[in-house]
Structures are given as structure tokens and as C-alpha cells.
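Trainee: Sequence:
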Amino acid sequence: MEKQENELIGILKNTRAHLMNGVSYMIPVVVGGGILCAISMMINGGSASVPDSGFAAQLWTIGASGLTLMVAVFSAFIAMSIADRPGFAPGLLGGYLSSQVGAGFLGGIVTGLVAGIVCYYLKKLPLPKSVQSLKSIIIIPILGLLVTGGLMVCVLGGPLAAVNTGLTTWLTHMSDGSKVVLGIIVGCMIAFDLGGPVNKVAYSMMAVAIGAGAYDYAAAAAIAIAIPPMGSGLSSLLLKKKFTEEERGAGVSSIILGCVGITEGAISYAAADPLHMIPINMISSAVAATISYLVGAGCAASWGGLIVLPVCTNRIGYVLAIAAGVAVHVVLCKLLKKDVSETEQPSESDDDDVEIDLEF
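In the working numbering, the protein residues as written are 1 to 360.
Some hints here could point you the wrong way.
Ranges between beta-carbon positions, derived for each pair [claimed, not checked]:
hint : residue 1 : residue 2 : range
1    : Lys240    : Ser178    : 20 to 30 angstroms
2    : Cys154    : Asn6      : 26 to 36 angstroms
3    : Thr68     : Val163    : 45 to 55 angstroms
4    : Pro197    : Gly102    : 37 to 47 angstroms
5    : Ile62     : Gly296    : 21 to 31 angstroms
If you are wondering where the hints come from, they were derived from the structure by calculation, not from laboratory data.
These figures come from a predicted structure and were not determined experimentally.
Virtual Cβ for every residue (Gly too), placed ideally from N, Cα, C.
When you get a sec, could you build the whole thing from the sequences and use the hints?
Mentor: Printed below as a string of C-alpha cells:
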């Protein structure tokens, strides 16, 4: 009994790792579905309304199907992280039921953890050798589905749906003061670890916000995603004394990555000077996200950068928020970053000296 309790404590201690596993597998589904929906809107003339006929409508159906599976995939891979393959089916069903009853992303977290824990202990059931082979293909799926699905439908679905509805209402009816605070939080989370766990949490909430119709939150996150790579790249091109030759050479590619919503384009700059670049990324992204809220920009695709501009509302405000964030980034680099030392950036004369010494 004590061993089982210790195992449960170990599972719960690793909750963050299990959640990140779910997010990692969910992202391709969300991105694929979101981009297809965005392309559908572009074909429909850039309107924010859902296409109802023609190829655009068919494309929307495909993309929306991917977004519908978001919570189910998230829940399934949380459970799989805990219980391995036996946890997949119960987690998938639990996530699907979570979407059906309105519990959303929060429900997916709960069903993933419940399915994983239940299946983890079902794997340890002592059974006769004659039926041992049936455990993974019949016994665990049936009992796991029954327990996870039953809890969601009969016990947890209602309360979690109420909480999810409350969060959705808050996101869509925030005061200006709350928007400023949330903009700061979103910007800092997106820029803190550039694709790491904190960034993924904020991105996951972006996907949830789009499903809830909170397009202003999605726009703030989409803008914050672009600032670190675009700001770092432009700073390296304008402030040559602050960056090494290698960093300056990566400047254009970093800007391009920011434009297409890949925040990881700033990782090399942050890794080279984390003490300065991480705060600079966070502050500039927070400024941009806050401006996005204040000007009323919206984004209907769960991605970032300028690539989603066709499916944004108040596009001028969206672009201005990005421009402001990048400008703040460059100014902060100018003020806070130190000039690159000669030892970090050897000159051609230094190379010549080395060659002469070697020949001698």
C-alpha cells in the first residue's frame, strides 16, 4: 500500500512533464487546423466569418476538425505519458467527452491525469497467465474508458464546464485595466523560455481562447510570439557592436522566423546573453501584447507573426503593436547590452598574427 502511495506521489510530482507531453503532441494538430482555417478565411476574401460554400468551406471543415480534436489529443498524450500505450484510448475518450460537455481544456487536463493514473494501476493487476494477454487489449481499455468516461459524464463534467464558461466569459468581457495586466502576463510568458514549458502554457491558452471566441487574447499572444526573433534579428543588424559576427549573420533569418511565427528563432541570442536578452524579450513582448489589447486587434488563427495578418481584425493596430514591440526591443538592446569584447569577436589582424606565429 505504501509503495502504491509513493508511486502516486511520484506521478503527481511529474504532472508538469505529463502536461508538456500532451501539449507537444497537441501543437501540430492545433497549428495544422488553425492554419487551414486561416487559409480558408483568406480564400473567402479575408473575412472573419466562417465560409459557407465552395472550396473555402470545405477547407474550413478540415481545419475545424483538427481544432475539434485538440482537447482529445491533449488528454490522450497526458495519459500516455503516465501509463504508456494502455492509457491512450481512455485519455482520448476522456478528452473527447470533455469537449462534448463543455469542460474544454481544463477537462482535458483532468481526464488525461485520471485516465493515466487509472491505467497505470490497472497494468499492475495480478491476473492468471491464461488471461494476462487480454489485459492490454480488453481489460485495461474497457475499465479505463468506463472509469474516465463515467467520471467526466456523471461527476466532473458539470463543475468543470462551469469553470470553463467562467474563464471564457472573463476573457471575452475584460475591462481595459484587466487587459493591460493580462497583456503583460501573456507577453512575459510567451517570451520567457521561447518555446519551453511556460511558452507552451500561454500558447495552449491561445488555442483555447480562439475556441471561445476571445480573438483579442489570441492576437496578443500572436504578436508576442513574433517580438523576440524579430527584435533580436533587427537589433543585431542595427547595433553591430552589441552582437558577434555570427549573431549578425543570423539576423535576417531570425526576422523571417519571427514573421512566420517561430519564436524559437531568438533562442541563440538568448542563450548567448541570457542575463540581458531574456528580460529584453519579456519586456518588449509585454509592451506589444498590451498595445494589441488596447487597440482591439484580433486573430482567428492559433499562430503568430505577420503570416496570420489576413485573418486578423484591426490589421493596422496589429502591425503597429508588432512595430512598437520591436522598437522597444531595439532600444533596450542599445541601453542594456554591452559591446561585444575583442576576445568574443576576433579581428582579421588577430587571425593574421596567429598565422605568422604558427609559421615561425
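Trainee: Now tell me if each hint is right for this structure.
Mentor: Against the structure, the hints:
1. Lys240 to Ser178: 20 to 30 angstroms: 41 angstroms, violated
2. Cys154 to Asn6: 26 to 36 angstroms: 30 angstroms, holds
3. Thr68 to Val163: 45 to 55 angstroms: Given a distance of about 21 angstroms, which is not inside 45 to 55 angstroms, the answer is violated.
4. Pro197 to Gly102: 37 to 47 angstroms: Since the Cβ atoms of Pro197 and Gly102 sit about 27 angstroms apart, the hinted range of 37 to 47 angstroms is violated.
5. Ile62 to Gly296: 21 to 31 angstroms: 30 angstroms, holds
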